[in-house]
Structure formats: C-alpha cells, structure tokens
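One-letter residues, chain by chain:
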Amino acid sequence: MIYDFNDYNFHVWLVLLITVALISLNLIVPKIRLNKINKLKKIDKN
Amino acid sequence: MNKTFSNLKTFYHKLGSSPWFYKISGITIPYVALFSFLFLSIGIVWGVFFSPTDFKQGDVYRIIYMHVPAASVSQAIYYTMTVAAVVSMIWRMKMAGIFIKSMAPIGASFTFLALISGSIWGQPTWGTWWIWDARLTSTLVLFIFYIAIISLYSSFSEKKSADQAVSILTLVGAVNLPIIKKSVDWWNTLHQPASIKFTESSSISPEMLYPLIISIFGFYLVVLLSGLMAMRAEIAKREINKEWFKNY
Amino acid sequence: MTRLAKRIFYKELVSYKKRSSTYLSPIVFFLITIALYPLALSNDPADLAFLAPGITWICVLLSTLLSIQNIFNEDFEDGSLDIFFSLRVSTLSLVIVKILVNWIFSSLPIIILSSTVVFLLFLPSEALVILLTSLLIGTPVISLFGALAGALSLGKSSILGPAIVLPLSLPILILGTSAVSSFLNGENPSFYFLMMLAIFIFLLPLICYACIGALRLHYE
Chain A
21 MIYDFNDYNF HVWLVLLITV ALISLNLIVP KIRLNKINKL KKIDKN
Chain B
454 MNKTFSNLKT FYHKLGSSPW FYKISGITIP YVALFSFLFL SIGIVWGVFF
504 SPTDFKQGDV YRIIYMHVPA ASVSQAIYYT MTVAAVVSMI WRMKMAGIFI
554 KSMAPIGASF TFLALISGSI WGQPTWGTWW IWDARLTSTL VLFIFYIAII
604 SLYSSFSEKK SADQAVSILT LVGAVNLPII KKSVDWWNTL HQPASIKFTE
654 SSSISPEMLY PLIISIFGFY LVVLLSGLMA MRAEIAKREI NKEWFKNY
Chain C
582 MTRLAKRIFY KELVSYKKRS STYLSPIVFF LITIALYPLA LSNDPADLAF
632 LAPGITWICV LLSTLLSIQN IFNEDFEDGS LDIFFSLRVS TLSLVIVKIL
682 VNWIFSSLPI IILSSTVVFL LFLPSEALVI LLTSLLIGTP VISLFGALAG
732 ALSLGKSSIL GPAIVLPLSL PILILGTSAV SSFLNGENPS FYFLMMLAIF
782 IFLLPLICYA CIGALRLHYE
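Protein chains in written order, with our numbering: chain A, 21 to 66; chain B, 454 to 701; chain C, 582 to 801.
Chain A with its partners taken away, still in its complex shape (with noise of 0.2 Å):
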C-alpha cells in the first residue's frame, strides 16, 4: 500500500501524473480537431 507520502512513493505518484497526462493529451487533442471541423462544417451548412 502506498498511501503513506514518503520519498519513494513520490516517483510512482510523478510517472503516474505523467501518464495520465499523455494520455489524456492524446485522447483531448483529436477530440478538439474533429469539434472545430465539425463546428466549420455547420457554418458551411447554414
């Protein structure tokens, strides 16, 4: 268990930020391309 802040347990709690984060980068980051295209494509529309 690795609730207990001590010095080790700092590095997984760091790689486990950082993961999150790509990844999150990598899901947000195509997410926002298709919702501009999209959102150009119903001004076009109108």
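Don't take every hint at face value.
One-sided excerpt, in silico: chain B residues whose CB lies under 7 Å from chain C [unchecked claim]:
1. A529
2. V594
3. A601
4. I603
5. S614
6. Q617
7. I621
8. V625
9. N629
10. I632
11. I633
12. S636
13. W640
14. T642
Think about it this way: if two alpha-carbon atoms lie no more than 20 Å apart in a straight line, the pair counts; the simulated SDA-like pairs of lysine to any residue are [stated by the list, open to error]:
15. B:K690 / B:T463
16. A:K59 / B:K695
17. B:K634 / C:L747
Calculated directly from the structure, the hints in this document are not laboratory data.
All residues carry an ideal CB built from backbone N, CA and C; glycine is no exception.
Let chain A serve as the given structure and place chains B and C on it in line with the hints.
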C-alpha cells in the same frame, strides 16, 4: 476457404474507404473507450495500490505498471506503421497514409513516456537519471525516429506526397531499427559500466504479474482509442469539402 | 545504361568542379571541428589518443552532413531532374552516379585529410590504416543515407537532413570507432569491417530505390 478470402478482400477494400471508416469508428469508439478505461484503471489501480511491495526495490517498483506497457506499446506502434507504410507504397491506399500520420504522434508520446518513466525509475534504483544502456539508447533512437517522421510530414504541404515520403522514411527506419538495436546492444557489452548490472528478476509473482498484464492490455486499448480518434479527425480535416462528409 | 551513367558521371564531375564551395566547405568544417576538441577537452596527448577514433568519426559524420543538400538540389532547381523523370531512362543509374560523385567530392577528401589526426590528435600511427579503412567502408553508407535525406527534403528546411541521417548512421559510427579501438586493444578488427560491408551491400539497393521513390514525389 475461398469465401473467407473474398470476405477479407472486401474488408480490405472497406478499410480503404474513408466514409466507411469514419462511420464504423464513430460506432466503435464508445465501446473501445469503455473497455480501455476499464482495463487501464483496473490494471493501474491494482498495480499501484494493491499489489505487494517488492522486497528488493520497495514501492518504487510500481512504476513497472506504467513503464513496461508504454515501452511495449511504443514498439508495437512502429510495427503497425511499417505495415501501413508497405500498404501505402504498394497500393497507394489513402487510409494507410492517414494511419501513419495519426499514429506517429501517439507513438512519440508513448516512447517519451517509456523514456521518462524509465529515468524516474532509474533515479532511486541505480542512483542516476540516465545511463547509456542498450535499451535506453535504442528507445531514444526510436523516439528520434518518431520525431523525424512527424517533422518530415509537416514539411510537405501536399498531403499525397507527404504520405508517400513518410512511408518511405518509415520503411527505411523499420529496416534499420533492428540493425541499430543489434549494434547498440553489442556496443553496450563492450562499454558496460561495472557498477550497474542489469539482472532481470526472472520470476515475478502472480500478484504482481496479473495487474501488469491487465495494464498492458489497457495501454493497447487506449492506443487503439486515441488512434481511432486521431484518424477520424484527420479524415474530417482532409475530406471537409467532400459531399459525403457534408451530409454525414 | 553504362553509356548514360558515364555521361552523367562526367557532367557531375564538371558541375562539382565549378562549384568549389560544395566540396571545400566540408573540408574546412572538418579541420575546424578537429581543432575544437583539443581546445575544449584537453591537450594531453594520452587523453587525445584515447579519444581520437571517436572524434575523427564524429567530425567526418558531421562534415558529410554539409553536403547532403547538394546531391539533388542543384538538378532539382534547374529542372534537369524533371527532364530525367519525364524521359524513360534509368533513374537508378542517375541516383547511383550522383551518390558516387557526391562521395568522391565530399567524403574522399575528408578521409584523406583525416590522416592528419596522427599529428593533431596523437593517434598511434599504426592505427591509422585501420581508421582509414573503417572510414572508407563506412562513409559510403552515410552517403546513402545522406542521399535519401536529401531526396526527401528537396527544397525543404535543411534541419530535416541531419534529423534523418544521424539516427540512421548510429550503427556505422559504433562499428567504425570500435574497429579502431579494438585494434588499439590488440584485437583483430576485421569483424567490424565485414559488418560494415554487409550493411552497405544490404542497404545499397534498398536506399537507391527509396531515393528514386522520394525524388518521384516531387514530380507527381
């Protein structure tokens, strides 16, 4: 036998059509998202919070649940890109180019994750952030390859020639990566620093192994998810003026 | 095909002779970078002799980078590449001859010049033959990668070239420097030469066809 072959052939032709891919990926993305979230959270939470502490390394070994999947995924992405490069060069399939273009940044980010998690792991266990070990060096080279592919792609304004150029570079890289890996391995045996020895613990207990396998599976699923999303965005960007996209 | 190759060869020789900067700048660059290492590291002959194979190889690698933009760029800009690709002639011989001439003008002078490291970096003189042989076998592979990078980045920013060539040339760098240092340790370096030769033979057709494919992109 003949039937399965023709089925495969139609599947291949469908894969090559961007409207079909756009539609199908839109349907599958929610399921893939659900499963990847499930596997990833179970694997990582189990690994990081509930698996037993390693008696040699202590808690810091838990980085393995992010590091090993990232390293495995980063190589697998390059293999799939190589297959796509062959397809793109021989049959000029448009989707193969879109695949390479979308996967390269994902591959780069996971290679970066593998590098940085390895170095954060190395700091407490070996006492340095970086050593010129064979595996680290070849992962670094892989990262440089991804960056070169991305920058080559962005240097072309014409999508079609960008796809072809990137396919050529991906293929040449794929042929060279084993050579680089072998030579780096072999260079490392010459210059092995005496103080640091890598002896992999050959036996890993099942309580540690199961979450690792789940986490690896989750990483592959999340790569699939982000790949599908990136490809959708790329298709939309390229075909914004096509009739099917306007009516979608 | 051979007549065509010969003609291209002579034409290339003449055009390189006219543009002396294309083969002089790598030479100047090589000499300057070689001179930088003793200034930056140490002027102790023992240290330099230990580092000499690596320093020489790195300098050769970096100075050949200077010339990769020249392989196809001139012909691309004046339109002769365009004519070549629209005619039904062997583009393979064009690519091979161009790589060969580029190697003669940008690598060969540097290889000859690198014998000065015996004085400049105190490389033991008996290791010089090994160093030169490793350079002679290794630099053609780097020229191949350089041609590919030049073909891919025709008319593009020049930073792309090094980003493609340098990671690809790692094996050659490792094998080339190991050949010299293993000789200095009293071992037989022929293994490294054979490995480099094998890499060259393996990559020659592959890279040539990749070059043709890359050049074709600009005429589609």
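Would the hint on B:N629 stand, with a C-beta cut-off of 7 Å toward chain C?
This hint holds: B:N629 lies near chain C, its Cβ roughly 5 Å from the closest one there, short of 7 Å.
Interface hint for B:V594, Cβ within 7 Å of any Cβ on chain C:
At 5 Å from the nearest chain C Cβ, B:V594 passes the 7 Å test, so the hint holds.
Return the status of the interface hint for B:A601: holds when the least beta-carbon distance to chain C is below 7 Å, violated otherwise.
5 Å, holds
Is it true that the CA of B:K690 sits at most 20 Å from the CA of B:T463?
Measuring from Cα to Cα gives roughly 26 Å; hence the hint is violated.
Measuring from the C-beta of B:Q617 to each C-beta in chain C, is the shortest one below 7 Å?
Status holds, d = 5 Å.
Close enough to count: is the Cβ of B:I603 nearer than 7 Å to one in chain C?
10 Å, violated
Given B:I621 as an interface hint, is the shortest Cβ-Cβ distance to chain C below 7 Å?
5 Å, holds
Has the given pair, A:K59 with B:K695, been kept, meaning a C-alpha gap of at most 20 Å?
16 Å, holds
Is the interface hint satisfied for B:A529? The criterion is a beta-carbon contact with chain C at less than 7 Å.
With a closest approach of 20 Å, the B:A529 hint is violated.
For the hint on B:W640, does the least C-beta distance to chain C fall short of 7 Å?
With a closest approach of 5 Å, the B:W640 hint holds.
Let's test the interface hint: is any C-beta of chain C closer than 7 Å to that of B:I632?
With Cβ-Cβ at 5 Å, under 7 Å, it holds.
Against chain C, is B:I633 within 7 Å by beta-carbon distance?
Cβ of B:I633 sits 5 Å from chain C, so the hint holds.
The structure fails to meet hints 1, 4, 14, 15 from the earlier list, while all remaining hints are met.
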